[in-house]
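Participant: Spelled out, the chains give:
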Amino acid sequence: MNNPQQTYTHKARHSIMWRLHLDTPLIIGLLVLLGYGLIVLYSAGSENFALVERQIIRLGLAFGVMIFMAQIPPRILAAWALPLYVISVLLLVGVMFFGVTGKGAQRWLDLGLFRFQPSELVKLALPMMLAWYLNERHLPPTNKDLFIIALLIIVPTYLIFKQPDLGTSLLIAASGVFVLILAGISWKIVTWLAIAGASFAPIAWNFLLRDYQRDRINIFLNPELDPLGKGYHIIQSKIAIGSGGYYGKGWLNGTQSQLEFLPERHTDFIFSVLGEELGFFGVFILLLMYGFIIGRGLFIGVQAQDTFGRLLAGAITLTFFVYLFVNIGMVIGLLPVVGLPLPLFSYGGTAMVTMMASMGMLMSIHTHRRLHST
Amino acid sequence: MAKRQTIKNHIQETNLYRSRSLVVSLIIIFMLFILLARVGYLQVLMYQDYRTLSNQNRIKIVPLPPNRGLIYDRNNVILAENRSVFSLEIIPERVKNIDLVLEDIQQVLTKITDDHIDDFKQRLKSSRRFEQVTLFSGLDDIDKALIAVNLHKYPGVSIEARIQRYYPFGETMVHMLGYVGRINDRELATIDSDNYRATRHIGKVGLEKFYEDQLHGKIGYQEIETDVRGRVLRVLKRKDPVPGKDLYLNIDSRLQLEASRLMSNKRGVIVATDPNNGHVLALVSAPGYDPNPFVSGISTTAYNKLLASPDRPLFNRALRGQYAPASTVKPMLGLLGLEKGIVSASTRIWDIGYFQLKEGERRYRDWRPEGHGWVTMKTAIRDSCDTYFYEMALNLGIDNISKGMETFGFGDYTGIDMGEEVPALMPNRGWKQATENMPWFPGETVIIGIGQGYWTATPLQIVNATAAIANDGYIYPLSIAYAMGNDGVKEALSIDTLKHPVFNFKPENMQLIQDGMRSVNQFRGSAFGAFKGANFTSAGKSGTAQLATIAQDEEYDEEKVAERLRDNALFVAYAPFEKPQITVAVIAENLGGGSRHAAPLARQILEYYLELNDKDE
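From first to last, the protein sequence lines are chains Z and U. Per the working numbering, the very first residue in the first sequence carries number 19; after that it's consecutive. Per the working numbering, the very first residue in the second sequence carries number 489; after that it's consecutive.
There's no promise every hint is true.
[Claimed, not checked] No more than 30 Å apart at the CA atoms, straight line, and that leaves these computed lysine-lysine pairs for DSS-like:
1. U:Lys697 - Z:Lys180
2. U:Lys599 - U:Lys632
3. U:Lys846 - U:Lys866
4. U:Lys994 - U:Lys891
5. U:Lys891 - U:Lys828
6. Z:Lys180 - U:Lys706
In case anyone wonders, no lab produced these hints; they're calculated from the structure.
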């Protein structure tokens, strides 16, 4: 009873943060990351303060959502899982028929006052659904469970893929697979999945991908094909990052970024601005911050008291990781351009709110643990 | 054993999760390391290479805007062109004290009002600091000279030449052509931003909006080499933009101008079409407004003035005006009555000046208080007898009427290539139940018989229904444009040109209706005065739509009724009678009787067009 871990927890339980169901280390990690993001955004947005201002307002809103989510105990999240999943799949079907087309893709539902992107809701609903489903069952899951889970993953993934939104659909599929790995599915099956995925690629290439998606992959392999569009983005992005060196060219002094060589530099390509202006050092700091948040998320998962909390925490954390890995990978030329923002860093609203909502769920899982010790 | 399996093994599951978490953590660390290694490779190992590339990165890709397609009328008269305009541009980053500079410029160029400054500041907020922001567009030679001599004092201020849309015919065509304006945030979200990177304008309404994709063209680019300061040294590579396609219209600009002249100082619509194919020859909604200020960015004051005007110049009456069609629909109703056997050519009624559902009940009055005496279908159309149609409509019933009139295009889109059209309303029982939760009353059918009550129609529907009579019962979708293409090569547009027959009828019934309409203009009918001395044959029908409700025994007195509540004057006509070439609908708001106020305008349109055709041949 006297071990230091216990005393720490006890002390923590009486703090204000704990009563607000907020996790202090995670909040600090998020604030530092978001602050860092704003500094880079100011430079990436060509010193346009109005842009930063709008981002701050969004952050405020996202923080509100996070705090709200943190108040909801995991058992209620579990109770919501099925209805939320069903609603979000129905909304995706709705988008197919009544969606508003923007930039060539049908992703939004026009609700009069604002536009709503149901694929954002799926990002929360799918991990919740899988965690809830597996919570009721033995782990590792049986073959029947695996089949049902596969269906639960494939339906929304396919609907989002059809919009078409390749980036988000891959992300959602990945988060589903991660839940399975954490749930203890045997490595043999994981290997088979990987092989199946690899052999599925040529089928997808020929039958499922749209022309522009195929173009993107071609361009990734050979950027010179499209000097004005995405290929140009990758070339310019690599030059920007590479020319940053150890310590960068200095904040607001990136020649690539400021002279407009870099496209979409305040959204998807904000990492290049960071790389150019703050150098390897700045990148290292960013990865440390991300690493800290991921580490805390995994820790929360391990500390969780039931399967639902464990799996949900793990899924949220891993989705967050995939998100940043895909974005950075694309910007530094490791992965094709799929159009995902850098989480909690890029300019933009919807994805930010969803991400912070999931952070709120992490906090809820951690701060609603029961007091008994085992 | 079986029982034990149903109990979850918490300790085992926790351990499983822990071990999996550990593996996953290791994978994540490994992958983060890959990212770091790749960045390190770029930034540390390849640093010299990329540094050199970056220093030499003087190769800039400059997007080139495509030229917007021009718009021509049927005789290749240009209706929308591109002109180079000179504008005063400011790069905020390069100006130290922007307020001071603005004040100075205002003194040099007094044309620039405080409104311009306000609008400029508004735009400044949403633009990037190193990009040009327009202060004033449309500098003339004197302005240019005035600015040019002072330019050295203001770094960051420059005069730029741009290609901009210009509408030579100004307000006379605006409700047909529409206009282009600066792209706003909402539009930005729906367009292909790559293709619009160099474009500043987009079609906002009318044809400019409907044919935006084709008119816009495809972006081109230029690879240029610059020096360290960004000055252009040479062009390395150029991919020319693909200009937008020119649009060719069925509109005859001469007729359009004539119609616009006839409608000056009036409110209303003139639409003329070719009944043989649905081509729109002229489309005027009055009053109009000059679209050109909208292109360069209209000032808030000027825009508010347009918005506040009681004449509603921004409102496109031809597409969106929902008018009671009044007696202009008597020919179509008459045909329906004959076809359904409610009346025949020889049916006579005795008109005493009003119609009643029952003795002693409300009187539905004829426009001629003393009545028309003995009336047949033909004379009922000729003299626009209301009583005849009250009775016939009641016997037809609302179900027959709404179904029959729908085949004439009422209550539906005419399919015109403009996109802002409204379907107006052809009422029926279901509609009334749904909107007012009330059954349909017979009295409501009675006034439907003279095109009033719930029935509303757009001028486009009215002209197209008349065209269907002229065209022996066939209706075409309306079309303004007929071809697109570059350098004078015209590719026909694949628009829906299928004609649809109206309900089945006997040819002799159609003949009777057409004869009735001819007698309106030619044989002592209601528009005999307006068409007196015409050197062409024609058929027509007047309409007078009541806006004010008159009490049972009160006379309608034009002088007493407030101007905005006076009757709308309507007239539809086609000519020549034997082989129609043109159908016209005139709607003049608050002018009074149709045969007196709208028919003369319709005659002038028909006359003008037939003369033009003779001259052209």
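Participant: Against each hint, give a clear statement of whether it holds in the structure.
Facilitator: Status of the hints after comparison with the structure:
| no. | hint | result |
| --- | --- | --- |
| 1 | U:Lys697 - Z:Lys180 | 28 Å, holds |
| 2 | U:Lys599 - U:Lys632 | 12 Å, holds |
| 3 | U:Lys846 - U:Lys866 | 26 Å, holds |
| 4 | U:Lys994 - U:Lys891 | 18 Å, holds |
| 5 | U:Lys891 - U:Lys828 | 12 Å, holds |
| 6 | Z:Lys180 - U:Lys706 | 27 Å, holds |
Checked against the numbered hints listed earlier, the structure breaks none of them; every hint is satisfied.
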